[in-house]
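A.B. asks: With the hints as your guide, set chain X onto chain Z.
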Amino acid sequence: AQRVTQPEKLLSVFKGAPVELKCNYSYSGSPELFWYVQYSRQRLQLLLRHISRESIKGFTADLNKGETSFHLKKPFAQEEDSAMYYCALRGTGGFKTIFGAGTRLFVKA
Amino acid sequence: NAGVTQTPKFQVLKTGQSMTLQCAQDMNHNSMYWYRQDPGMGLRLIYYSASEGTTDKGEVPNGYNVSRLNKREFSLRLESAAPSQTSVYFCASSEGWEPADTQYFGPGTRLTVL
Chain Z
1 AQRVTQPEKL
11 LSVFKGAPVE
21 LKCNYSYSGS
31 PELFWYVQYS
41 RQRLQLLLRH
51 ISRESIKGFT
61 ADLNKGETSF
71 HLKKPFAQEE
81 DSAMYYCALR
91 GTGGFKTIFG
101 AGTRLFVKA
Chain X
1 NAGVTQTPKF
11 QVLKTGQSMT
21 LQCAQDMNHN
31 SMYWYRQDPG
41 MGLRLIYYSA
51 SEGTTDKGEV
61 PNGYNVSRLN
71 KREFSLRLES
81 AAPSQTSVYF
91 CASSEGWEPA
101 DTQYFGPGTR
111 LTVL
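Same order as they appear, the protein sequences are chains Z and X. Count the first sequence with my numbering and you get residues 1 to 109, in order. Count the second sequence with my numbering and you get residues 1 to 114, in order.
If we strip away everything but chain Z, and leave its shape as in the complex, we get:
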């Protein structure tokens, strides 16, 4: 079954601390993986894509096919990183994006 699991509903860290938001997936094939972010009172927006291998706002995510994981990392969290983060998977055919339940990140001063 196709599934995206984000095991942490809530993650709270102090400003300047490293942060890792976990994402595990189940998919028979080679999916595309995404991280979306929703800041308070803003719409859901793309943070980064696996295929782009980019760093956005200091965040990176590495696809580990062996562990079927796509964890989101940032070495030094900032207060403005507080938001809801969703890991998503899109497979062949492209139409059906599967979202995880989301992780709410709080960065404390």
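Honestly, the hints are just simulated from the structure, not real lab data. The structure presented is a predicted model; accordingly, all values stated were derived computationally and were not measured. C-beta: ideal position from N, C-alpha, C; glycine also. Possibly wrong hints are sitting among the right ones.
Using 25 Å as the maximum straight-line C-alpha spacing, the simulated BS3-like pairs for lysine-lysine come out as follows [what the hints assert, rightly or not]:
#, chain 1, residue 1, chain 2, residue 2
1, Z, K108, Z, K65
2, Z, K9, Z, K108
3, Z, K96, X, K71
4, Z, K96, Z, K22
5, Z, K96, X, K57
6, Z, K15, Z, K57
Listed next, the stretches of chain Z that the computed footprint assigns to chain X, with coverage defined by at least 3 CB atoms under 8 Å from CB atoms of chain X [claimed, not checked]:
#, region
7, 58-72
8, 96-106
Which chain X residues face chain Z? A few, computed with CB under 7 Å, are given here [unchecked claim]:
#, residue
9, G40
10, G42
11, A100
12, T102
13, P107
14, L111
C.D. replies: Chain X alone, transformed into the frame defined by chain Z:
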């Protein structure tokens, strides 16, 4: 560019009432989507339209219908609202149907069914 717009932003319905959620995009995208977002469940796909003139069911289509009016507009209709349809509804669009195509989301419609 306004991107993806949705109307209304908020709506309260009584059980059995009907309504249509409107969505429009000005990015000349081919594909459009409707999702619902429920606490602890992430976003679930209701219906999608790969291109103008086509629509298909997603993960949770029961109780909904859609219309791809033209390339810009994709509406979602609740014929007989039920409390289980209380949710936040998001419309999204993407340039195409490739797996790597980024989806752009609207601001959402918060619907309460009493």
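A.B. asks: Work down the list of hints and note, for each, if the structure agrees.
C.D. replies: Hints and how they fare:
A distance of roughly 33 Å separates the Cα atoms of K108 of chain Z and K65 of chain Z; the hinted pair therefore is violated under the 25 Å criterion. Taking the CA atoms of K9 of chain Z and K108 of chain Z, the gap is about 17 Å. The hint holds against a cut of 25 Å. About 19 Å separates the Cα atoms of K96 of chain Z and K71 of chain X, which keeps this hinted pair within 25 Å; it holds. Taken as a hint, the K96 of chain Z and K22 of chain Z pair is honoured in the structure, with Cα atoms around 21 Å apart against an allowance of 25 Å.
This hinted pair checks out: K96 of chain Z and K57 of chain X have alpha carbons roughly 10 Å apart, not beyond 25 Å. This hinted pair checks out: K15 of chain Z and K57 of chain Z have alpha carbons roughly 15 Å apart, not beyond 25 Å. Only when three residues or more bring their CB closer than 8 Å to a CB of chain X does the claim for the region 58-72 of chain Z stand; here the count is 0, and the claim is violated. Here the region 96-106 of chain Z counts 6 residues with a CB under 8 Å from a CB of chain X, which clears the bar of 3, and the coverage holds.
Below 7 Å, beta-carbon pairs count as interface contacts, and G40 of chain X has one with chain Z at about 5 Å; its hint therefore holds. Below 7 Å, beta-carbon pairs count as interface contacts, and G42 of chain X has one with chain Z at about 4 Å; its hint therefore holds. A distance limit of 7 Å between C-beta atoms decides the matter here; for A100 of chain X the minimum to chain Z is near 5 Å, and the interface restraint holds. The interface hint given for T102 of chain X holds, since its Cβ lies 5 Å from the closest Cβ of chain Z, which is under the 7 Å cut-off.
Restraint check, P107 of chain X versus chain Z: the minimum CB separation of about 5 Å is within 7 Å; hint holds. Taken as an interface hint, L111 of chain X does not check out: its beta carbon lies about 16 Å from the nearest beta carbon of chain Z, beyond 7 Å.
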